[in-house]
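There are 2 protein chains.
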Amino acid sequence: MLKCWSAEGSMKVYVSVDLPPDLAERLSKTVEIVGRDRIAEAEAALCFKITAEELRSMPRLKFIQVVTAGLDHLPWEAIPPHVVVAGNAGSNAVAVAEFAVAMALAAYKRVLHYNEKMKRGDYKRDVGIPLVAGSKAAVLGLGEIGTRVAEMLAALGARVYGFSRTRKEGPWTFTADLLEAMSGARIAVSALPLTKHTRGLVKYEHLAAMDPEGVFVNVGRAEVVEREAVEKILRERPGFVFASDVWWARNDFAKDADIISRPNVVATPWIAGGYGNEQVWRRMMEEAVDNLLRWVRGERPRNIAKREDYT
Amino acid sequence: MLKCWSAEGSMKVYVSVDLPPDLAERLSKTVEIVGRDRIAEAEAALCFKITAEELRSMPRLKFIQVVTAGLDHLPWEAIPPHVVVAGNAGSNAVAVAEFAVAMALAAYKRVLHYNEKMKRGDYKRDVGIPLVAGSKAAVLGLGEIGTRVAEMLAALGARVYGFSRTRKEGPWTFTADLLEAMSGARIAVSALPLTKHTRGLVKYEHLAAMDPEGVFVNVGRAEVVEREAVEKILRERPGFVFASDVWWARNDFAKDADIISRPNVVATPWIAGGYGNEQVWRRMMEEAVDNLLRWVRGERPRNIAKREDYT
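Here the protein sequences come in this chain order: A and B.
Its first residue numbered 1196, the first sequence is counted upward by one per residue in our numbering.
Its first residue numbered 1196, the second sequence is counted upward by one per residue in our numbering.
Just chain A, same shape as in the assembly (with noise of 0.2 angstroms):
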């Protein structure tokens, strides 16, 4: 049980996540924390994600601070114009970079190929392994994840464009042109977030305007880019590789079998951000108890979503 040293007519906020006990402490320093049967208190809710329903229990709600990176699966309808919403970028960036620059290695570097043959005793050796170091890489979106996967490439040594909707510097040529970015890349990796701006943004023409032994990778999300232009693009380059941690159909994988199983497809269940590392949970956690604290002291929240970008 929780202990709550919040004084009578404290602040309540709504939690629907299994919160650390010493983070939920922290939190009732300053707030009340409420369950499910007194949510109508509610004017500030912590969640993973939040149903319709439950926002029309909370009349008086304010501010939504959600534990994801991502806000693209949230009810946009269904919440309040007057209703703050902020994300957790970054707090398991570090994670899902990390991840992004392993698959794009090991699809890239052939060690997947060789590693497969090897594994059925067939030790010839057929495609070769291309050098990172001066190729061309693209990185879509250049927020946390993208930017940390723009310098792991360049610190490697391969020729970093950086693609975003805004400027931004570093060890990459920026550009916001996404064939110029994709044109002639041997590594593309997309951690864009899913916005009504990124939904079907990479299509077949990019893709086919990358070196046909390149790989694309994508821990951002599926739907920034076109099925029908992967499905495409893996008939009819065997050399291509597609390597993705996010998928169409989301967490039903089996919906997606088509393409998974594919020769030329590296696939993950949706684990770049720290899967089952504790670390990395509990830096998630924390960091969104934090953030809601801030919007609870009247300090400006970090990450707030632009409502105009989901609905």
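Rather than coming from a laboratory, the hints here were simulated on the basis of the structure.
None of these values were measured; they are calculated from a predicted model.
No distinction is drawn between identical chains; accordingly, a pair holds when it is met within one copy or between any pair of copies.
In silico DSS-like pairs for lysine-lysine, Cα to Cα no more than 27 angstroms straight-line: (1) K1314 to K1398; (2) K1312 to K1427; (3) K1501 to K1391; (4) K1427 to K1314; (5) K1319 to K1244; (6) K1450 to K1391; (7) K1319 to K1450; (8) K1257 to K1207.
Got chain A sorted already, so can you dock chain B onto it with the hints?
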């Protein structure tokens, strides 16, 4: 056919490798290239490997330029003590270092594990994904390859320990104590050459001192690691991963199939050095020719082998 500009009486070099025409021309401006038929006239040799029989056929031999970085495959007992031997370390170091990091990340971030499951339609998340950032990594051997591996792992945020016989500074904690380097390491990469000092250097106690979920990567020579130690640790620790591009039976991979086929082994067929990559191949040939020409001109060649490391 090669066109030889060299005057009568110029130095003869026995070339047993298939040089690109322009490099053959470059070499021919200074020396006369001879083949097997005129081997007896050769004062120098350019080769991948050399036999005792070839050595006996070259009474005038003073210098051997090997195209590979490793020199452990030479018939050292048959090389007269006055013959200088130069290797080609560094020429494909970038390729090997990139491959080592790719193997390490593919295994450590469990990309291989989950991809294999996804292909079988097993979408269950089971093992957690550890972080590179903040984790201890050991790099064994701080030559051209090891140095680059250490720099890359440091750029990815790992706390790197660098092990070698002689102190070398870089973005690592230097140690000449192998057990200190490997204790608690989550990633260890061996880029050690095979010499009489390194043969069997990595024993069970070193592997057992690593994190139980650790990843040991070998891109140097298999014989640096005791085969029995690897068998034992793989049997005892299902979460430990042994990832290797090099095998005890060299190119006869079937003889190491008992280890290659284990689930916690990642195996590739000795390809890290840029297999099938013309750019890497070209650079190796170029650097070997340039180093040979240093000796011909009376300059000090690079990568002169220490005979006492092999005999």
